[in-house]
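A.B. asks: Numbering of the sequence shown is given in the numbering used here, commencing with residue 7 and proceeding in unit increments.
No wet-lab data here; the hints were simulated from the structure. Remember, predicted model here, so these are calculated numbers, not experimental data. Among the hints, a few may not be true.
With a straight-line Cα cutoff of 27 Å, these simulated DSS-like cross-link-like pairs (lysine-lysine) come out [as the list claims (entries may be wrong)]:
#	residue 1	residue 2
1	LYS78	LYS21
2	LYS78	LYS22
3	LYS13	LYS78
4	LYS72	LYS13
5	LYS47	LYS78
6	LYS21	LYS72
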Amino acid sequence: MNIAEAKRDLAQRTKKGFPVIIAGILFWVVASITGVLLSEKQVVWVYLIGMGCVFPCGLMIAAILKIDMFAKGNPLGTLAGVIGGINVLN
Numbered sequence: 007m008n009i010a011e012a013k014r015d016l017a018q019r020t021k022k023g024f025p026v027i028i029a030g031i032l033f034w035v036v037a038s039i040t041g042v043l044l045s046e047k048q049v050v051w052v053y054l055i056g057m058g059c060v061f062p063c064g065l066m067i068a069a070i071l072k073i074d075m076f077a078k079g080n081p082l083g084t085l086a087g088v089i090g091g092i093n094v095l096n
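Could you build all of it, start to finish, from the sequences and the hints given here?
C.D. replies: As structure tokens, this is what we get:
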């Protein structure tokens with residue numbers, strides 16, 4: 007499998023990261039609503055906790071939709087998993 011095939015396979019199997027995009031949209035909807043309804047101190051906590059939850063929520067959405075976010079068996083999937091793991095720890 008060459009790089010072009012691996013990239014194409016990764017994009018198809020992960021649906022181009024669609025679940026994480028949906029999780030990000032949900033975060034910004036919640037953040038927007040809380041920005042209007044809550045105090046500034048509470049909104050800061052919503053932002054901090056919410057930003058840390060985007061990737062795990064994306065993985066949960068992927069599991070519900072039966073999307074393989076790490077593309078097991080694809081060499082680029084392993085790389086994406088390592089990068090995703092680093093993002094979770096940030």
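A.B. asks: Please work out if LYS78 and LYS21 have their alpha carbons no farther apart than 27 Å.
C.D. replies: Between LYS78 and LYS21 the Cα gap is close to 14 Å, so the pair holds against 27 Å.
A.B. asks: Given the proposed pairing of LYS21 with LYS72, does the C-alpha separation stay at or below 27 Å?
C.D. replies: holds, 11 Å
A.B. asks: Is the hinted pair LYS47 and LYS78 satisfied, with a Cα-Cα distance of at most 27 Å?
C.D. replies: This hinted pair is violated, its Cα atoms lying about 41 Å apart.
A.B. asks: CA of LYS13 to CA of LYS78, is that 27 Å or under?
C.D. replies: Judged against 27 Å, a Cα distance of about 13 Å means the pair holds.
A.B. asks: Given the hint that LYS78 pairs with LYS22, test it: the Cα-Cα distance must not exceed 27 Å.
C.D. replies: holds, 15 Å
A.B. asks: Keeping to a limit of 27 Å between CA atoms, is the pair of LYS72 and LYS13 held or broken?
C.D. replies: holds, 20 Å
Hint violations for this structure: number 5 only, all remaining hints satisfied.
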